[in-house]
Amino acid sequence: MEWIIVIILLLFNGIFSCMEMAFASSNVPLLRDMASKGNAAAKIFINLRTRPERTLAVIQVGITLVGILSAAVGGAEVEETILPFLQKFLNVSGTTAEILGIALFAIPFTFITVTIGELVPKAIAIRYPEEISLASSYLLTLMTRIAMPVVHILEQSTVRLLSLLGIRPTILSEEGVSELSLKSLHPVHRDYILNLFALRFKKASEVMLPFSKVVTVRSSMCKEEILKIIIACGHTRLPVISDEAEPQIVGILHTKEFVAMMDTKTEFSLTSL
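Position one of the sequence shown corresponds to residue 1 (the numbering used here), numbered consecutively onward.
Note that these hints are calculated values from the structure, not bench results. Predicted model only: the values in this text are computed from it and were never measured. Each hint can be trusted.
Calculated cross-link-like contacts (lysine-lysine; reagent style BS3-like; alpha-carbon spacing at most 27 angstroms):
#1 K256 / K223
#2 K256 / K228
#3 K43 / K122
#4 K213 / K228
#5 K256 / K213
#6 K223 / K213
For each label pair, taking beta carbons as the anchor points, the in silico distance ranges come out as:
#7 V28 / I102: 37 to 45 angstroms
#8 E225 / T50: 54 to 62 angstroms
#9 E244 / V215: 16 to 24 angstroms
#10 E155 / I102: 31 to 39 angstroms
#11 P52 / E244: 52 to 60 angstroms
#12 R51 / L119: 23 to 31 angstroms
#13 D243 / M208: 21 to 29 angstroms
Every residue, glycine too, gets a C-beta built ideally from N, C-alpha and C.
Kindly generate the complete structure, drawing on both the sequences and the hints.
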């Protein structure tokens, strides 16, 4: 019976580890966008994310509690079953049997705990952070409400201890840190970063153009025709297509090199560019 309890506790340890990693590595802007579109689980997650240190503390309390309980139950089972077996069949003293029993329990227990309770769940969470965060948001909310008194005591104890050490605790939310970091950047660099974040959530189909709408130049065009196209579109690179009925892309024209070539008296050759 005790071994079944240990296995159940190890599974809970794995669930908590999975939730912890998913909570820390989830794409917050994506989930915030889902929340704005009415996703209830995403709204709960964003609410939990406003105080990430508190939510992570709740998960850590769960992991610690499960670890203590599994070790206690496993130790009791060792004392009841393994120690008498070692004393009887190996004919060793009680102290020796106790040391051997602890080793026989601790080594496989540590391996299983690290594998099932930590590595595998966290590997899964890294691959599917948003899905796991959405699925666990309700459970995290329930855990937060249940463990709030314990977490509050831990927070206050931490603040008091830091005060005794002469350290002033400063807590910034993730949004606050991000806002301060962006404000310290040059406006051009800030716009560049914000545009990158905006591009991250666009699908390829949203930014792709049909080939018929792509500005191109034909390999048979003269330099005056090409120059008109460059001035009209303003692009820095243009695809060069063949003159066939179904044209194929034969190269890319760098407009800067083309304009530089126009200032020289060298013979025009599109293939050289």
